[in-house]
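Q: Keeping the supplied structure of chain D fixed, place chain R upon it in accordance with the hints.
Each protein sequence line maps, in turn, to chains D and R. Be aware that the first sequence starts at 1, since it is given in my numbering, and climbs by one per residue. Be aware that the second sequence starts at 1001, since it is given in my numbering, and climbs by one per residue.
No false leads were slipped in.
Below, a list of computed lysine-lysine pairs in the BS3-like style, where the Cα atoms sit at most 25 Å apart: (1) D:K286 to R:K1229; (2) R:K1098 to R:K1192; (3) D:K279 to D:K17; (4) R:K1229 to R:K1251; (5) D:K17 to D:K169; (6) D:K279 to R:K1251; (7) R:K1229 to R:K1250; (8) D:K286 to R:K1250; (9) D:K17 to R:K1251; (10) D:K279 to R:K1229; (11) D:K55 to D:K169; (12) R:K1250 to D:K279; (13) D:K17 to D:K55.
Listing some non-contacts, in silico: residues in chain R with all C-beta distances to chain D over 10 Å: (14) L1040; (15) H1103; (16) A1206.
By construction, these hints were calculated from the structure, which means they are not laboratory data. Ideal Cβ positions, reconstructed from N, Cα and C, are used throughout, including at glycine.
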Amino acid sequence: MAEILVLVDHVDGAVRKPTLELLTLARRLGEPSALLLGSGADSATEVLARYGARKVYVVDAPEVDEYLVTPAVDALTQLAERTGPAAILLPSGSDGKEIAARVALRLGSGLITDAVDVTAGPEGPVTEQSAFAATYQVTAHVTQGVPVITVKPNAAVPEPAPVEPVVEKPDVTFGPASHAVRVLSRTPRERGERPELTEADIVVSGGRGVNGAENFALIERVADALGAAVGASRAAVDAGWYPHSHQVGQTGTQVSPQLYLAAGISGAIQHRAGMQTSKTIVAVNKDADAPIFELADHGVVGDLFTVLPQLVEEIERRRS
Amino acid sequence: MKHVPDATADRTFTEDGTTDRASVDSLLSELDEYAVEQALRLAESDADAEICCLTVGPEDARDALRKALAMGGDAAVHVSDEDIEGSDVFGTSLVLAKAIERHGFDLVLCGMASTDGTMGVLPALLAERLGVPAVTHLEELAVENGTVTGRREGDGATVRIQGALPAVVSVTDRSGDARYPSFKGIMAAKKKPVETLGLSDLGIEAAEVGRAGARSAVDTATRRPPRTKGEIVADEGTGGIGLAAFLTAKKFV
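Just chain D, same shape as in the assembly:
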């Protein structure tokens, strides 16, 4: 079976969940191989093997941390030229997409970004994407070269498929482009107790109606009661009530959880584009005409400051 190359998203060897989803999808297309850039190979290899990576390629060079994006482009392109994979899968973050595009250009390949599903088809992988603020569902395939595909988080449920992997350390030549953009400093985002926004099964978001940074404690209380990540609308972020890294929307993070709870969010098109593919949507808003109610499976027209505390209390009562 053909090799499917997966670029690993990790922090010092701690593999992030979207990579496990990529390995799961890759098994539908062929035999998954993982490319790990940077340090932490030992702990990462164990996890990658549990999710079916038959080969783990490790490139631990200083360039990977010292320069932006392009060292990964050199490594992935050269590995693809050597191994001739049937497809290349990457996570759909800003880094992943830029790496994917440049690799595809160098390989003379087509590129599909932000896939929400990938299946095997007669002419190679078939992708599914959402378009126009998730009002359309598009299927597509690459018509030239090795298909390069970036996949959004939550596109698949990670399924273990343990194997004994072969670990290789391929030589990579870093060209001038690899030294073009220097990383002066890197501040990892604080990982709190809550799940990450992109990976969470449940997201609880607050908007303009939350009316103040201090009131986001209430949103956090609801999130904790449900084991959820906290999101915020652009209005709440622009007002400085919650960090930008939590912004849900077209230009923030696009989420697709099992449950999305919108509190005090009216539902402007830019926000809907970022959460419309959530499986179940519930909303609490004072304004009965808020567009968010058009999407909601269950909506409460009311004051979030009375509805949410009651919700938390009732969840706790039902659990005890």
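A: Relative to chain D, chain R alone:
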């Protein structure tokens, strides 16, 4: 910059899987306004700076250029050619890179993504084709002594990055609010030069772009069925309890 269908309108696909541009009004992609704004701010501190606005697209894409010129751009280039229609991001980046090389540049400023395709990879492809640094997704930037330095809100970390000019830079919607064109700006824009180029001016063969040159194909584009209207209740004292019951029934509690 890109002329795109209005993101707040009901956008559709045509039968061949390309964006239907006839059914809704188009305008300058909102995210590109931030790039124009940053160009204007940089030019304010450099008397020799010239801002040239570049777009590729059919006749009405000139409206996007007029908007940028009204905001304060100095001149514009419009690449328009029937054979470009249906181009994917590789075809588009080829056309833009050739036009940029022809014009000459110190800095190429782009929005972080278009509001229609939303791929966000064009700036990186331009840099790859032009052989210059890609300093992308900046929320904050400074240009000094031939280098551009900025802050990038990355996937798991905030990074400060730096590259030498000439470079391609893309900015996010947090880089600073874009100004509105003044009446004076709108009047002045009418007199500013807009050069029109075709593929032959750029030495590009028709087969390299358009549908012929595209490296991927849309198989189906289906409108999602609208979400079935859920139960909307007015809170009369038990809204939170009702919501908890709903979440329990759905097994979230």
